[in-house]
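Enquirer: Those protein sequences? They're chains F and Z, same order as listed.
Numbering (this note's numbering) for the first sequence: 1 to 148.
Numbering (this note's numbering) for the second sequence: 1 to 209.
It cannot be assumed that every hint is accurate.
What the hints assert, rightly or not - Mimicking DSS-like on lysine-lysine, the simulated pairs with C-alpha atoms at most 27 Å apart in a straight line are:
| no. | chain 1 | residue 1 | chain 2 | residue 2 |
| --- | --- | --- | --- | --- |
| 1 | F | K51 | F | K39 |
| 2 | Z | K138 | Z | K153 |
| 3 | Z | K116 | F | K32 |
| 4 | Z | K207 | F | K32 |
| 5 | Z | K116 | Z | K153 |
| 6 | Z | K138 | F | K39 |
| 7 | Z | K40 | F | K3 |
| 8 | F | K32 | Z | K157 |
| 9 | F | K3 | Z | K200 |
| 10 | F | K37 | Z | K45 |
| 11 | Z | K138 | Z | K116 |
| 12 | Z | K157 | Z | K117 |
| 13 | Z | K45 | Z | K138 |
Please keep in mind that the hints were generated in silico from the structure rather than gathered at the bench.
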Amino acid sequence: MKKLPQIPPKHLFEAPNESRYFDELPQKVRSKILEQKTKSLPNKLWSFFIKPQFSLPIASAALLIGFWWASIQTVPTTDVPSTELQAQLKSIPKQDIQNYLLEQNLSQEDIIDFANSEKLDLTAQNNLNQVPEEVLEEALEEDLEEYL
Amino acid sequence: MNPQGYHAPQPSKEPSYPTNTSKLGMVMSISDEEILAKFKQNESKNWAFDMLVRKYQVRLYQHIRKMVVSHEDTDDLLQDTFVKVWQSLENFRGEAQLFTWVYRIATNECLRFLQKKRSFLGVPILDISERLATELDKSMPFSADEVADKLQKAVLKLPDKQRLVFNMKYYEDLNYEAISEILGTSVGALKASYHHAVKKIEDQLQKEF
Numbered sequence: 001m002k003k004l005p006q007i008p009p010k011h012l013f014e015a016p017n018e019s020r021y022f023d024e025l026p027q028k029v030r031s032k033i034l035e036q037k038t039k040s041l042p043n044k045l046w047s048f049f050i051k052p053q054f055s056l057p058i059a060s061a062a063l064l065i066g067f068w069w070a071s072i073q074t075v076p077t078t079d080v081p082s083t084e085l086q087a088q089l090k091s092i093p094k095q096d097i098q099n100y101l102l103e104q105n106l107s108q109e110d111i112i113d114f115a116n117s118e119k120l121d122l123t124a125q126n127n128l129n130q131v132p133e134e135v136l137e138e139a140l141e142e143d144l145e146e147y148l
Numbered sequence: 001m002n003p004q005g006y007h008a009p010q011p012s013k014e015p016s017y018p019t020n021t022s023k024l025g026m027v028m029s030i031s032d033e034e035i036l037a038k039f040k041q042n043e044s045k046n047w048a049f050d051m052l053v054r055k056y057q058v059r060l061y062q063h064i065r066k067m068v069v070s071h072e073d074t075d076d077l078l079q080d081t082f083v084k085v086w087q088s089l090e091n092f093r094g095e096a097q098l099f100t101w102v103y104r105i106a107t108n109e110c111l112r113f114l115q116k117k118r119s120f121l122g123v124p125i126l127d128i129s130e131r132l133a134t135e136l137d138k139s140m141p142f143s144a145d146e147v148a149d150k151l152q153k154a155v156l157k158l159p160d161k162q163r164l165v166f167n168m169k170y171y172e173d174l175n176y177e178a179i180s181e182i183l184g185t186s187v188g189a190l191k192a193s194y195h196h197a198v199k200k201i202e203d204q205l206q207k208e209f
């Protein structure tokens, strides 16, 4: 058996279709570099956003923008102060409201509810002619039930 | 010894790289300094990189292939090596030689690949050597040189780093200083490692013949 220094080094490995493989390799490498460049742009953006030093300020800013956007999109419902509204309503005479409601095509339940809430006497003579008969009967029945 | 860490050519030991010699001769005549200077200029950047790939592709192919055996894996690792070279060449300060710097990238790619393969397969070092030997039989089912074939199989039994040292010294004829720069290991440690590797291989060959 020969000692190692007596064995000449020999490269056993060859690439399949070697000369073509090495002719084409620089082009393959360039394509891979291009491919990575196009891939890495969105990755770079994403990695910028997920960096801890940037993610918190960006998230906070997004949240603030979200709140601001939501606030400008919402229709203000409480802009008229409720005290002012109540004062305006109180300035209208009850009789006028009653007459207005009776002219409207309201359901019997609405009228009874309104009458109860305002403690109106639906049986009063001046109203009786304008109140439908069934409504009066229903109201009377309810009043009677309270005393039975 | 030339500036790239190679000893003066010795006809009996000169590895025979199978390639188109006329093209390679032209590319090999371009110095690393010229490649680096051209790479710094935008208009000649691609040309310079192309020359770099052509200059080192065959040697790096052999270097990687001896470590991972399969051509497909070698092809992937070689391309990855050059992609990394492209990405980092602008920051190359010239503290090391271009040649050793490129070799170091390729070596690290190989070691990382073998480590990954080992943890993926969940096998110890000896088993991966067996797998590489099987791969070698598949790659070259009809080897004309029995001694070279047995030698290669004995080399595959060495631990990764020892195998690297052996390959670079024995097959690639690099001097210890260059290997030290590539692996970041002291020359003394490399000499000891090579000595142990040779001893193990000779023992193995003794058993085979």
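Enquirer: Hey, K3 (chain F) versus K200 (chain Z), does the alpha-carbon distance stay inside 27 Å?
Expert: Cα-Cα ~12 Å, so holds.
Enquirer: Has the given pair, K157 (chain Z) with K117 (chain Z), been kept, meaning a C-alpha gap of at most 27 Å?
Expert: holds, 16 Å
Enquirer: Would you mind confirming whether the straight-line C-alpha gap from K40 (chain Z) to K3 (chain F) stays at or under 27 Å?
Expert: Status violated; Cα separation ~48 Å.
Enquirer: Regarding the pair K45 (chain Z) and K138 (chain Z), is the alpha-carbon distance no greater than 27 Å?
Expert: violated, 40 Å
Enquirer: Has the given pair, K51 (chain F) with K39 (chain F), been kept, meaning a C-alpha gap of at most 27 Å?
Expert: OK: K51 (chain F) and K39 (chain F) at ~19 Å, within 27 Å.
Enquirer: Run the distance test for K138 (chain Z) versus K116 (chain Z): straight-line Cα separation, threshold 27 Å.
Expert: Roughly 22 Å separates the two Cα atoms, so the pair holds.
Enquirer: Given the proposed pairing of K37 (chain F) with K45 (chain Z), does the C-alpha separation stay at or below 27 Å?
Expert: Holds, at about 16 Å.
Enquirer: Check the hint pairing K138 (chain Z) with K153 (chain Z) against an upper bound of 27 Å on the C-alpha distance.
Expert: Holds. K138 (chain Z) to K153 (chain Z) sits at ~13 Å (cutoff 27 Å).
Enquirer: Starting from K138 (chain Z), check that the Cα of K39 (chain F) is at most 27 Å away, please.
Expert: Roughly 35 Å separates the two Cα atoms, so the pair is violated.
Enquirer: Would the hint linking K116 (chain Z) and K32 (chain F) be met if the CA-CA limit is 27 Å?
Expert: holds, 22 Å
Enquirer: Do the alpha carbons of K116 (chain Z) and K153 (chain Z) lie within 27 Å of each other, as the hint requires?
Expert: holds, 22 Å
Enquirer: Do the alpha carbons of K32 (chain F) and K157 (chain Z) lie within 27 Å of each other, as the hint requires?
Expert: violated, 33 Å
Hint check: violations occur at hints 4, 6, 7, 8 and 13; the rest are consistent with the structure.
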